[in-house]
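Sequence order for the protein chains is A and B.
Position one of the first sequence corresponds to residue 1 (the numbering used here), numbered consecutively onward.
Position one of the second sequence corresponds to residue 1 (the numbering used here), numbered consecutively onward.
I should point out that these hints are in silico values taken from the structure, not numbers from a laboratory.
From a predicted model like this one, the values you see are computed outputs, not experimental measurements.
C-beta: ideal position from N, C-alpha, C; glycine also.
One should not assume that every hint holds.
[Said to hold, decoys possible] Heads up, simulated DSBU-like pairs for lysine-lysine below, C-alpha to C-alpha not over 35 Å straight-line:
hint, chain 1, residue 1, chain 2, residue 2
1, B, Lys299, A, Lys32
2, A, Lys392, B, Lys299
3, A, Lys430, B, Lys218
4, A, Lys400, B, Lys450
5, B, Lys156, A, Lys285
[What the hints assert, rightly or not] Over 10 Å on every C-beta distance to chain A, these chain B residues come out as not near it, computed from the model:
hint, residue
6, Val22
7, Ser31
8, Thr64
9, Glu136
10, Val150
11, Glu182
12, Glu196
13, Gly272
14, Lys283
15, Arg294
16, Asn298
17, Lys299
18, Lys380
19, Trp476
[Claimed, not checked] Restraint ranges, calculated between C-beta atoms of paired labels, are given here:
hint, chain 1, residue 1, chain 2, residue 2, range
20, B, Ile473, A, Gly86, 52 to 60 Å
21, B, Lys3, A, Gly19, 52 to 60 Å
22, A, Lys280, B, Glu339, 33 to 41 Å
23, B, Asn306, A, Val196, 31 to 39 Å
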Amino acid sequence: MNYTSQNKKNKDDMFRTIGIKNVNELFDVIPKDLRAKKLNIEGEKTEQELLNYFSNIASKNKTLVSFRGAGIYDHYIPSLVTEVIGRSEFWTAYTPYQAEASQGTLQTIFEYQSLICAITGLDTSNASLYDGATAAAEAILLSLRVSNRNTILISQALHPEYIQTIKTYLGNSNVKIVIINVSPNGSIKESSVEAVMNDDVAAVIIQSPNYFGIVEDMHALSYVVKRKKSLFIAVINPLSLGIFQAPSEYNADIAVGEGQVLGSHMGFGGVTFGFMAAKKELKWKMPGRIVGQTVDKNNERGFVLTLQSREQHIRREKATSNICTNASLNALAACVFLSGWGDYGFKNLAEVNMSKARYAFDRIKLLDGFSIKFENKIFFNEFVIKTQKSIKRMNEVLLKNNILGPLDLSDMNEFLKNCVLFCVTEQRTKLEIDNLIKILSEI
Amino acid sequence: MEKLLNELPSSDIPAYNIKSDVGIDVKIPESLRRNLALGLPSIAESDLLRHFTNLSRENYALSTGFYPLGSCTMKYNPLINERISKNEAFTLIHPYQPIESVQGTLEIMYEFGRDLCELTGMDYFSLQQAAGAHGEFAGLLMIAEYFKSVNQVRTKIIVPDSAHGTNPSSAFFAGFDIVHLESEVDGSISPRKLKEILTKEVAAIMLTVPNTLGVFEKSILEISKIVHENGSLLYYDGANLNALMGIVRPGDMGFDIMHINLHKTFAAPHGGGGPGSGPVGVKAFLEPFLPIPRIEKNKYSEFVLNYKKSESIGRLKAFFGNFLIILRSYIYIKALGAEGLKNVSERAVLNANYMLARFKNRINVPAGDRCMHEFVLSLKLLLKNNIRTLDVSKRLLDYGFYAPTIYFPLIVEEAMMIEPTETESKEMLDDFIDVLIKIIFEEAVLEPQKLNEAPINMNIKRLNEVEAARKPILRWK
Chain A
1 MNYTSQNKKN KDDMFRTIGI KNVNELFDVI PKDLRAKKLN IEGEKTEQEL LNYFSNIASK
61 NKTLVSFRGA GIYDHYIPSL VTEVIGRSEF WTAYTPYQAE ASQGTLQTIF EYQSLICAIT
121 GLDTSNASLY DGATAAAEAI LLSLRVSNRN TILISQALHP EYIQTIKTYL GNSNVKIVII
181 NVSPNGSIKE SSVEAVMNDD VAAVIIQSPN YFGIVEDMHA LSYVVKRKKS LFIAVINPLS
241 LGIFQAPSEY NADIAVGEGQ VLGSHMGFGG VTFGFMAAKK ELKWKMPGRI VGQTVDKNNE
301 RGFVLTLQSR EQHIRREKAT SNICTNASLN ALAACVFLSG WGDYGFKNLA EVNMSKARYA
361 FDRIKLLDGF SIKFENKIFF NEFVIKTQKS IKRMNEVLLK NNILGPLDLS DMNEFLKNCV
421 LFCVTEQRTK LEIDNLIKIL SEI
Chain B
1 MEKLLNELPS SDIPAYNIKS DVGIDVKIPE SLRRNLALGL PSIAESDLLR HFTNLSRENY
61 ALSTGFYPLG SCTMKYNPLI NERISKNEAF TLIHPYQPIE SVQGTLEIMY EFGRDLCELT
121 GMDYFSLQQA AGAHGEFAGL LMIAEYFKSV NQVRTKIIVP DSAHGTNPSS AFFAGFDIVH
181 LESEVDGSIS PRKLKEILTK EVAAIMLTVP NTLGVFEKSI LEISKIVHEN GSLLYYDGAN
241 LNALMGIVRP GDMGFDIMHI NLHKTFAAPH GGGGPGSGPV GVKAFLEPFL PIPRIEKNKY
301 SEFVLNYKKS ESIGRLKAFF GNFLIILRSY IYIKALGAEG LKNVSERAVL NANYMLARFK
361 NRINVPAGDR CMHEFVLSLK LLLKNNIRTL DVSKRLLDYG FYAPTIYFPL IVEEAMMIEP
421 TETESKEMLD DFIDVLIKII FEEAVLEPQK LNEAPINMNI KRLNEVEAAR KPILRWK
């Protein structure tokens, strides 16, 4: 393919105007011995060849009926989401620097921010971040910025890859990271937090539903954290907010999480977006872009990028972050997704997730060789099951039946040996769940 | 103007709803249950479709016109990339699927990394980083780990004053102190000035080549020698790689580590600000420090994930990188091949030089008569008419053009930074040049008021950014 327009007369005119005879002269400034030899990169395919070439590669992937979550989830994406983010006026637009020519992107980001504030109950949302893990890391950097403290407490039941990301972000710093141990019932106890709290703790970061699917008692945990005037950072699955407490209800200072569940494809875990909402007193310390409402010369409402003096293109090394990207198109998908479901549909969606997970849980726990790992805990759409069966063999059998079985947690630690994490979303039909149970019962 | 979502006609039932084929079973204790109203608007699908379609029409986009944004490389985004990346065998894949069921995805990531190595002269690439600045951050953390591994205390990063703001910011967040290097009038580096500030505490210097004024760093080999003799590393900011594909490779110039912005060089769509992808490439001696997991090919030609890298900086995000963006860029490379990519750079540089040639005798160009893929004008002569570059840029919107990047790089007074990219025709360039000349030499003189008030023809007039920051309204009431 060639995506440039070719016209010999034009080219000659351009050469003449510049005063050159061929295009090579434009590169004369580059030392001759530095010039690249002919590169070995295969290509020059036509559209049709590309389609066939990539269909062939795609056939080496397998799409499966998923009972696996752990951070990325199979949810229904309404038609309107696909239609809107498919509009080239959105996907081929740049960061809205020239506000007057970018009101579409700016207004939808403003709407996105408003919707994130609505579901979290917090005052301020930025325009989105890279993903849930980096949003968690940025929330911690924010907490360090607003305090003179140097210790971070992290729930052991935070997604392991989020913990790893946070550790990488703080890798070349002297910040002290303390892991709060999860109790045998799969959740974080107030006493476990209390035991490690001190006056140097900038923030405590807790995930709910946690990595094991359990909804934490965020109210009680937040209370313990606030007594030491530390910030409480909640990592949440936004879909769970249809029925579970909003971060504002338990006095969280910052809420972050993975936005993929709000209208983005799984796509091997990319691309997604992270959201961040915070109390209003933190807005000048937030990372990333923020859109604000203003007026034009005729006093008409309009939208602009704002609070930009936080950002790297103005403050350079004194900026609140180095970020100059928001996952705008995925945030737009979330904006469409949330407005498409509305109050009633969103709550309903959360209820169906919880109910289907509960339906599967109630049946799997009764099977021979399977048992409950964490008794009497409330979970959203994921749960842990202990099994005496070979997990490897179980998942192999399921794969043969085109099913993505639960995630094996055995390698996490001794306590989770022989445990698996199931996920059941609204996408799974009763028939599919019953079939899963039938196969499990025959293993 | 279009109403906000919460002002649209309210419907008793939302656009979408869901049925359950199992009984609703939601027993939640009071202490965990949501009591706060959700506050999501409920709107019919038809009203929502109109709303978002109308908003899309308030957007300038590559599909509607020319984006001469310097430093942003707003090149065309081929449609086949979109079509292929919507294949369900790519979109409906869970990141924790068994390795044998994601061989296609891993093959693409592996092969893309190999092509990037060939193109840049680096030995290994990590594709995990979600944006260019994320790549910078990863690269700088690797530099820190490298010096720890050789027991050297190096705490400083040199950044030229012509660099993008992300460079000093990324270095700061990676734990370094920043040393500023004053660049020459054309943005280039003086080896003499560099030597003066190059102490044993310097871990690396970050350079953008061509620099942000569109000038190739002619002393690059000398700079490389000076830096390496000091035991420091050379970092390549790939923001301007679109000028050099198939022409010269960062690895051959002496760079040890680099990042690429896929939306700039490899035609990934910009999406209104993201998502992005920022691969990081390194020479072999830095390979142990790359983020985990690494995608490798085993002796049976299967693609595998290797987490066993004890010296790695760790991971930069959850999962494996923005695969659906990486896929689009890999399709782009397969569409063009080595020869096509070289043509891209040649044409990008030709287009920029043509524009520069038409401007250079009339408008101040601090960096001289020739450029690579972009160039910077200084409109300071208009200040006497009480006209700023901002006014000129807003007036361009009236003529149906997006404005070039303005007030960057910081070393040029009243800067206007123009980058046409390879995918614009001569006719489009001429139209833009004619309009800009008209604005600067006719309107600015005869009707300066018009420029101060621009845009005039847009649906929305000039927006008050000062007020927006002074009294922030960041959500609807």
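Results of checking the hints against the structure:
1. B/Lys299 <-> A/Lys32: violated, 39 Å
2. A/Lys392 <-> B/Lys299: At roughly 23 Å apart (the allowed maximum being 35 Å), B/Lys299 and A/Lys392 satisfy the hint.
3. A/Lys430 <-> B/Lys218: Answer violated: A/Lys430 to B/Lys218 is near 67 Å, above 35 Å.
4. A/Lys400 <-> B/Lys450: violated, 70 Å
5. B/Lys156 <-> A/Lys285: holds, 25 Å
6. Val22: violated, 4 Å
7. Ser31: With a cut-off of 10 Å, B/Ser31 comes too close to chain A, as the shortest Cβ separation is near 6 Å.
8. Thr64: violated, 6 Å
9. Glu136: violated, 7 Å
10. Val150: Check passes; 15 Å lies beyond 10 Å.
11. Glu182: holds, 15 Å
12. Glu196: B/Glu196 is indeed farther than 10 Å from all Cβ atoms of chain A, at 21 Å.
13. Gly272: Violated, because the least Cβ-Cβ distance between B/Gly272 and chain A comes to about 4 Å, which does not exceed 10 Å.
14. Lys283: holds, 16 Å
15. Arg294: holds, 15 Å
16. Asn298: holds, 15 Å
17. Lys299: Since the minimum Cβ distance to chain A is about 18 Å, B/Lys299 lies beyond 10 Å and the statement holds.
18. Lys380: About 20 Å separates B/Lys380 from the closest Cβ of chain A, which puts it past 10 Å; holds.
19. Trp476: violated, 4 Å
20. B/Ile473 <-> A/Gly86: 52 to 60 Å: violated, 30 Å
21. B/Lys3 <-> A/Gly19: 52 to 60 Å: holds, 55 Å
22. A/Lys280 <-> B/Glu339: 33 to 41 Å: Given a distance of about 55 Å, which is not inside 33 to 41 Å, the answer is violated.
23. B/Asn306 <-> A/Val196: 31 to 39 Å: Between B/Asn306 and A/Val196, where Cβ atoms are some 34 Å apart, the hint holds.
Violated hints, listed in ascending order, are 1, 3, 4, 6, 7, 8, 9, 13, 19, 20 and 22; each of the other numbered hints is respected by the structure.
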